[in-house]
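S.K.: Listed below, chain by chain, are the residues.
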Amino acid sequence: MTSTSLRSLGAKVVLASSSDEAQPPQNIIDGNTDTFWMSTGMFPQEFIIRLAESTGIDLVTIDSYNVKSLKIEKNTLDTFSDFQLVAETEFELTEGQLQSNAISLKGTTASHLRFIITSGYDHVVSVHRVSIQT
Amino acid sequence: MVKLRARCLLLGDAAVGKSALSQMFSSDGAHFHKNYSMTTGVELHTKCVNIPETTDSVELYIIDSAGKEIFLEFCEKMWGQPSVVCVLFDLTSQQSFDSCSQWMDRVRAHCRGMQVPGVLVGNKSDLSERREVQTTVAQEWAQSQGLDYQETSAKEMENCEAPFHSVARAFHALYQERRETIRNLHVLA
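If you read the sequences in order, they're chains A and B. Add 1 to a position in the first sequence, counting from 1, and you land on the number used in the numbering used here. Add 417 to a position in the second sequence, counting from 1, and you land on the number used in the numbering used here.
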């Protein structure tokens, strides 16, 4: 179990392509899988997490539902530019329970992580928790 | 409050009035082109629909796709993954009604097994003396396909909003259903 949430480490979700007031994007980094952010229709969907400082990341763990294809990009700047692709993956369908996937980033340094959901198993997808191991 | 986004495919044979209907709807009745101009590719119209008795809305991305068979292969590449579908026919053309089942088959191939709410639309209701398709027949077929049914006249601005409001409401209902499912996942886990 990762005990500290990204939010308590000073991270922020600084962009999300969908927003339902009932499920704000900050739910992604509160460390709790009971709360979630949900897309509101069509693909692609994305969100960007700004880390408190540039950090070397070994592993990203994502708890989600109905996500099919995901791309992760990063940059090492203070701004939203020059993102580089660091991982591209496909999740399996898990009916009735959350998808939980760990993606190795091999110690890559990042100040922003951008998650792009290019397709889903349903019209809408949810992301419940993103955590990182450094 | 939430703003949903839905990709709305608008399909049906050539000259049934797809472009006229979507232009009428997206321009609030400001544009009805008296001269026919065939759509040869796809055209995109967007419009936001408020959901009654809520503060929610659905932004429709209406993909108006050419009805002529020779353009189909190209157009299908632009369909993407539809959220909702409107299949149109001309109430004065039995043939255009008969084609609807083929249009539905084509849509299903793009849905990847997902539930896609839809509406069947009989257009040109103003041409009542030339009507070839009776309301009850169309209604029955729509029901057998799980579609809502509406009759419109893009020319007379009759009922043009109804099909789009219907699919917007259906997509909103689907969203709420999915949200409940996801909320309940934790109770199980």
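FYI, nobody ran anything at the bench for these hints, they're computed from the structure. C-beta atoms are modelled at their ideal positions from N, C-alpha and C, and glycine is treated no differently. Do not take every clue at face value.
Stated by the list, open to error - Computed cross-link-like contacts, DSS-like style, restricted to lysine-lysine with a CA-CA straight-line distance of at most 25 Å:
| id | chain 1 | residue 1 | chain 2 | residue 2 |
| --- | --- | --- | --- | --- |
| 1 | A | K72 | B | K494 |
| 2 | B | K420 | B | K451 |
| 3 | B | K420 | B | K572 |
| 4 | B | K420 | A | K69 |
| 5 | B | K494 | A | K69 |
| 6 | B | K420 | A | K13 |
To be verified - Per label pair, the in silico range of CB-to-CB distance:
| id | chain 1 | residue 1 | chain 2 | residue 2 | range |
| --- | --- | --- | --- | --- | --- |
| 7 | A | Q85 | B | T463 | 52 to 58 Å |
| 8 | B | Q551 | A | I104 | 54 to 60 Å |
| 9 | A | T62 | B | Y453 | 52 to 58 Å |
S.K.: Indicate, hint by hint, whether the structure satisfies it.
M.R.: Hints versus structure:
no.: 1; hint: A:K72 - B:K494; result: holds, 23 Å
no.: 2; hint: B:K420 - B:K451; result: violated, 34 Å
no.: 3; hint: B:K420 - B:K572; result: violated, 31 Å
no.: 4; hint: B:K420 - A:K69; result: holds, 23 Å
no.: 5; hint: B:K494 - A:K69; result: holds, 20 Å
no.: 6; hint: B:K420 - A:K13; result: holds, 23 Å
no.: 7; hint: A:Q85 - B:T463: 52 to 58 Å; result: violated, 32 Å
no.: 8; hint: B:Q551 - A:I104: 54 to 60 Å; result: holds, 57 Å
no.: 9; hint: A:T62 - B:Y453: 52 to 58 Å; result: holds, 57 Å
When each numbered hint is compared with the structure, violations occur for hints 2, 3 and 7.
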